[in-house]
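For what it's worth, the numbering used here labels the leading residue of the sequence shown as 6, then goes sequentially.
These aren't lab readings, by the way, just hints derived from the structure by calculation. Small disclaimer: the values here were computed from a predicted structure and weren't measured. In this text, a Cβ means the ideal position worked out from N, Cα and C, and glycines have one as well. A hint or two may mislead.
[Stated by the list, open to error] No farther apart than 30 angstroms at their CA atoms in a straight line, the calculated lysine-lysine pairs in the DSBU-like style are these:
id	residue 1	residue 2
1	K71	K56
2	K82	K45
3	K71	K88
4	K88	K49
5	K82	K49
6	K71	K20
7	K28	K56
8	K82	K56
9	K42	K71
10	K82	K20
11	K42	K90
12	K88	K56
13	K28	K49
14	K42	K28
15	K20	K42
16	K56	K20
[What the hints assert, rightly or not] Label pairs and their calculated CB-CB ranges:
id	residue 1	residue 2	range
17	K56	V78	32 to 42 angstroms
18	T59	K90	38 to 48 angstroms
19	L69	M47	13 to 23 angstroms
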Amino acid sequence: MVKKIMHYMFLSCLKATDLINKKSDTPLNCIENLQLKAHKSMCKACRNYEKQTTLIDTALNATLNKEGLSVDVDELKISIQEKIKHS
């Protein structure tokens with residue numbers, strides 16, 4: 006039973022980054038939030054990924070708002086993520 010709970014609670018980095026990306030668009034549910042917090046408490050790479058993602062989102066939104074440009078940020082994120090996956 007403990008092994009099942011441990012397996013359920015601990016995420017791979019891939020799943021953690023998916024939740025980090027999801028979190029920037031919609032609130033995570035209680036279980037996802039707990040899983041992500043547990044993973045980030047042990048994974049410096051995912052903590053850094055979250056910081057970088059937040060920084061990029063903030064800079065991109067500030068630039069777009071400053072210049073009055075209209076771009077679908079979510080669509081741009083998906084495009085960038087797809088390019089990264091295929092490289």
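Hint check:
1. For the proposed pair K71 and K56, the alpha carbon gap of about 22 angstroms is at most 30 angstroms, so the pair holds.
2. Proximity of K82 to K45 is assessed by CA-CA distance (about 22 angstroms); at most 30 angstroms being required, the pair is judged to hold.
3. Between the alpha carbons of K71 and K88 the distance comes to roughly 27 angstroms, so the proposed pair stays at or under 30 angstroms and holds.
4. Taken as a hint, the K88 and K49 pair is honoured in the structure, with Cα atoms around 24 angstroms apart against an allowance of 30 angstroms.
5. Restraint check for K82 and K49: satisfied, since their Cα atoms lie roughly 22 angstroms apart, inside the 30 angstroms limit.
6. Simply put, K71 and K20 have alpha-carbon atoms about 33 angstroms apart, too far for the 30 angstroms limit, and the pair is violated.
7. With a C-alpha separation of about 13 angstroms, the suggested pairing of K28 with K56 holds against the 30 angstroms cut-off.
8. For the proposed pair K82 and K56, the alpha carbon gap of about 16 angstroms is at most 30 angstroms, so the pair holds.
9. Restraint check: the Cα-Cα separation between K42 and K71 comes to about 33 angstroms, which exceeds 30 angstroms; the hinted pair is violated.
10. A hinted pair counts as satisfied when its Cα atoms are at most 30 angstroms apart, and K82 with K20 qualifies at roughly 17 angstroms.
11. Taking the CA atoms of K42 and K90, the gap is about 24 angstroms. The hint holds against a cut of 30 angstroms.
12. Restraint check for K88 and K56: satisfied, since their Cα atoms lie roughly 20 angstroms apart, inside the 30 angstroms limit.
13. Distance check on the hinted pair: K28 and K49 sit about 18 angstroms apart at the alpha-carbon level, within 30 angstroms; holds.
14. Proximity of K42 to K28 is assessed by CA-CA distance (about 12 angstroms); at most 30 angstroms being required, the pair is judged to hold.
15. Distance check on the hinted pair: K20 and K42 sit about 12 angstroms apart at the alpha-carbon level, within 30 angstroms; holds.
16. Distance hint between K56 and K20 is fulfilled; the C-alpha atoms sit about 17 angstroms from each other, no more than 30 angstroms.
17. With their beta carbons about 18 angstroms apart, K56 and V78 fall outside the hinted range of 32 to 42 angstroms.
18. Look at T59 against K90: about 21 angstroms separates their beta carbons, and that is not inside 38 to 48 angstroms.
19. Taking 13 to 23 angstroms as the suggested C-beta distance range, the pair L69 and M47 does not conform, at roughly 35 angstroms.
Violated hints, listed in ascending order, are 6, 9, 17, 18 and 19; each of the other numbered hints is respected by the structure.
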